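J.: One letter stands for each residue in the lines below.
Number of protein chains: 2
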Amino acid sequence: MADYIAKAQAHRVKRDAAIPREYLVDLSALGVPELPEESLPLPYSKAEPYHPEPTTIYPRDNVTSIPSKVLSAEDVTITETPIDKLLDLLATAKLSSVRCTEAFLRRAVLAQQLTNCATDFFPDLAMSRAKECDDYLAKNGKPMGLLHGLPVSLKDQFHIKGTVATMGYVAWINKAAKQNSVITDVMLKAGAVLYVRTSIPQSLMRCETHNHIYGRTVSPFNRSFTPGGSSGGEGALVGMHGSPLGLGTDIGGSVRVPSAFNGLWGMRPSMHRVPYEGAANSFLGQESVSSVIGPLTHSLEGVVTFMRAVLAERPWEMDPILVSMPFNEDAYALKNLQLKAGSVEPAEVFSGDGKAQLCFAIEWDDCIIHPHPPITRALREVKEKLIAAGHKVIDWVPYDHLRCYDIIGRIYSADGGEDIKRTCEEGGEPVMYNLMSDGKEPTHLSTYESWQLNQEKSKYRKEYLDYWQNTTSQTGTGRPVDAIIAPVSNWASCKHDLNDHVSYTTQWNLLDRPCVVFPVDFVDPKKDPKTALEQPYTALPGDLDALYWNRYDPEDWAGMPINLQVVGKRLQDEELLGLARVIRDAGAALH
Amino acid sequence: MADYIAKAQAHRVKRDAAIPREYLVDLSALGVPELPEESLPLPYSKAEPYHPEPTTIYPRDNVTSIPSKVLSAEDVTITETPIDKLLDLLATAKLSSVRCTEAFLRRAVLAQQLTNCATDFFPDLAMSRAKECDDYLAKNGKPMGLLHGLPVSLKDQFHIKGTVATMGYVAWINKAAKQNSVITDVMLKAGAVLYVRTSIPQSLMRCETHNHIYGRTVSPFNRSFTPGGSSGGEGALVGMHGSPLGLGTDIGGSVRVPSAFNGLWGMRPSMHRVPYEGAANSFLGQESVSSVIGPLTHSLEGVVTFMRAVLAERPWEMDPILVSMPFNEDAYALKNLQLKAGSVEPAEVFSGDGKAQLCFAIEWDDCIIHPHPPITRALREVKEKLIAAGHKVIDWVPYDHLRCYDIIGRIYSADGGEDIKRTCEEGGEPVMYNLMSDGKEPTHLSTYESWQLNQEKSKYRKEYLDYWQNTTSQTGTGRPVDAIIAPVSNWASCKHDLNDHVSYTTQWNLLDRPCVVFPVDFVDPKKDPKTALEQPYTALPGDLDALYWNRYDPEDWAGMPINLQVVGKRLQDEELLGLARVIRDAGAALH
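Residue numbers (UniProt numbering), protein chains in the order written: chain A, 1 to 591; chain B, 1 to 591.
Mixed in with the good hints there might be a few duds.
Stated by the list, open to error - Only some residues are given here: those of chain B computed to face chain A with a beta carbon under 7 Å:
| hint | residue |
| --- | --- |
| 1 | Gln179 |
| 2 | Leu284 |
| 3 | Pro320 |
| 4 | Asp415 |
| 5 | Thr447 |
| 6 | Leu465 |
These are calculated hints, taken from the structure and not from any lab test.
In this text the structure is predicted, and so the values were computed from the model without any measurement.
Don't be surprised by glycine CBs; every beta carbon is placed ideally from N, CA and C.
Given these sequences and hints, build the entire structure.
T.: Below you can see the structure in the form of structure tokens.
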């Protein structure tokens, strides 16, 4: 057995030992199959760019209803209470943080048994912290902060002093954190209880979730499907209601894809609003397209609460790269949209009574890969509901998204994979997959070459901004399009190892546009029959559009969540949340 | 004659031909020596890191009083009217833009004759634009924007469609701009009149002003001294009152040094508030430390007007990298300082009646190079006046500024000078100076290495932020230090070719802190005698501290402007302007 396999397995055993025994459930008694263990190294191959299905067979079951069968009614009630209500109960001592934390810990353990989503549990830390919150409230008569007493789960990138975040790298197994990440401190200041950390893919640079230490995380909606990634552990955990609020990161879709694949709300905020300082990451020092921390949760209120809570702590006094913008309540109320672009006159079309006319654009596809029929149906339904609510909806004609996809791919791999190779080498483990979707070895650019690449990026950003601004002539509102509604992925998840295409998400990372993911429905074979793809796009090599399209099988996909994203203006995160509220209030989101 | 010399000389002749003949003054009749022409290439040598004085002898005269001798009284009055008053006259049609532009054009031509500050004149464009402004006002009864009818001068980096900005590169001599830079459009939207472009050093990467095309720009206060750089053409022009408002750029001091050396107000705003999109620059695509556009002008009001005017045009709808923050009037009024950091409680010490106690820190020196006696006297006088005005003043203990100086030097040269070498090669001209102050060839980093360098930068930024925040314990205001008052340079200008040391400015570029430069006094041999340097710093090789110190000669420096800078919090540009107003109102600024 290779040395790294022994190390990885030993560390996984350690993770398992951290799970409170008393919360473990006997799944076999329920007739629920255990997840198989795949042999290491996991079966990726550089020689095979478009991976076959894994040889290991995963159960094809939906396990989202198991908790209601094995947990107490009270535990189910607590863990399924909407986050705003839950925070209210906690802040008014109607529910103790100790009781709440116990319920989520228990459900998180079950989620772990069913989906293999966690990398560590902190039951003792969590229970003593929950007690601290309860005592604080009893003593001071007021909550600690906006997240008082709330259990919050963290992706395996965020440091808690004295604990180990491996980020799936064998090399980091014995490296205990010397201090908290800033986001950890911010969560604690806001009153959160930390209790579990969740799984990721090796290096984070993939929208699935699997690594040599913790193995593979599966979707709770169909365990032979991927929960997405890289924040896939969060996706599965929150999807199972094992956490009311999970923190992920997104450099190419890593919050949005697992939010979408697990039927959640999620957000990729604009860069430099949420503090990343002191978190583990791949490509530290790569500043051309930055990874961003964002929430995965069950409601718009969860997303808004996260942003309000973070910004209330003045994180720019802790992280020097942040923009010092407090949460803009006026923008969330869409009061800023009363101004025409470039003017201080109120837009005549905006009535300001909550029934204002907005103009949304629908991105039906990105001219690279067609979305599967359920995604297109969701776009159609959202469009109809927005029109019914009195808003204008136009088509979004993608502006050379292929160029964007090419540029961002070269930015990710500008170091020739050096960062990943070094860390894998240090741990003695193989690199699991290549950064290049075509399987070729990426080129290591010189600094001068990387500056030229940045210029390509900047040029594209400028052209896209002008393109967006120029939509004013089509909107009838006196403003450019307020937001774009777009697919998050070309499909509603897929079988393990097949989730290779990410142009629907990377588009907005390169442009640094904030995005909010929202649930629309579930796949229904009756509503979402397989149709013929009339004209496949051929821009990518390997007939990928046809290949991906042909994988669709309504029966296989039945019951998978269908989500979309709404894309706003850079740094106008609050306005985007206000627009997401309009979508939700129009009945276009599932909840 | 080398081909590039012929090309350069031909282009200089073209510049000279653009000067309106009727504005030229016969200097010899006044007994004012003409500036000598230096032979090309200018006498830099890579083998000689600490350059000797140039062999060419420059007149040692102060020419700032010449305009009042040769211009009409009305021209002098117009060109010396404070900018806020001037804008008021223009906006109310009490002074026409045509008349105002003519006066500044005339004075700019004289400044050009005396200091060689300009690279191009646009008299026809300017006069027709001025007329357009006057007509607009007559027709609409309101001004075009906040800069209505005001002549504004531009550094030779900003494009005007159809004209040539060479940035001092022979290679760019025939490249006419296809479109305006965004800042050009923003100035025009605000109502400005563009009439002259100003000189720079080859590549911009030096705090002096000289290139093979236009030669050397000199200080109007002593023509054997440098006006600083890289926005040195602006410094000399505005110093001569040949422009009420000049636009420069700053990646290491290039707005602040010429502001300081010419007795001006100037500002390096935080990155990403003023649009750089579409301007010429060195190192395009280098995003680790960005160059920033800032104003050079005669008063605080000039700086504030520039920032208000730019931000009123919503430049983030034209430049995708900008932060969408309108001008924050509350912050300029220092209302935000009523809040304690991290709290929503009013700080008890802040009375809110304009007599609030603030806490400034004085950076006496940076532990790398000691400032000359006039700079230290200025710091002392400012300190006394702030204390007299009721504020608290503490000492700023520099936090490892040498590390910062080292990091930023490696960032500037991360491409091994490739960008500069290529552009010089394209024009067939020699590289005038080496990026490395030690004369060694810089190393071209790989992308992976440049990411490691970025991590060094980020780590330093984080440590510095924590260090600043931790001053709360010393201020007595419940807040960290509100601003640092610091030298802009170790001296009040110097003889040509000797201005090599820039750690007092680069410090704040790496940290992205906004800085406002303000005038304090002029060198007076009686007040500023030469003293012994007790303990020279030895951190830099070559006994530089002693070398620079020993160059000081009170008689040589007599009459040179002494300026300082005030350094604020990142992206809190308006708050910093408010603090600069407090300094000015305390009588600590000359005007």
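J.: Would the stated hint for B/Pro320 survive a check requiring a Cβ distance to chain A of less than 7 Å?
T.: holds (4 Å)
J.: Could you check if B/Leu284 really has its C-beta closer than 7 Å to a C-beta on chain A?
T.: holds (5 Å)
J.: B/Thr447 was flagged as interface toward chain A. Is the shortest Cβ-Cβ separation under 7 Å?
T.: holds (5 Å)
J.: Quick check on B/Gln179 please, does its C-beta sit within 7 Å of some C-beta on chain A?
T.: violated (11 Å)
J.: Was the hint right that B/Asp415 lines chain A, CB cutoff 7 Å?
T.: For B/Asp415, the interface hint holds, since the closest Cβ of chain A sits about 4 Å away, which is under 7 Å.
J.: So, B/Leu465 near chain A? Judge it on the closest CB pair being under 7 Å.
T.: holds (4 Å)
Hint compliance for this structure: hint 1 alone is broken.
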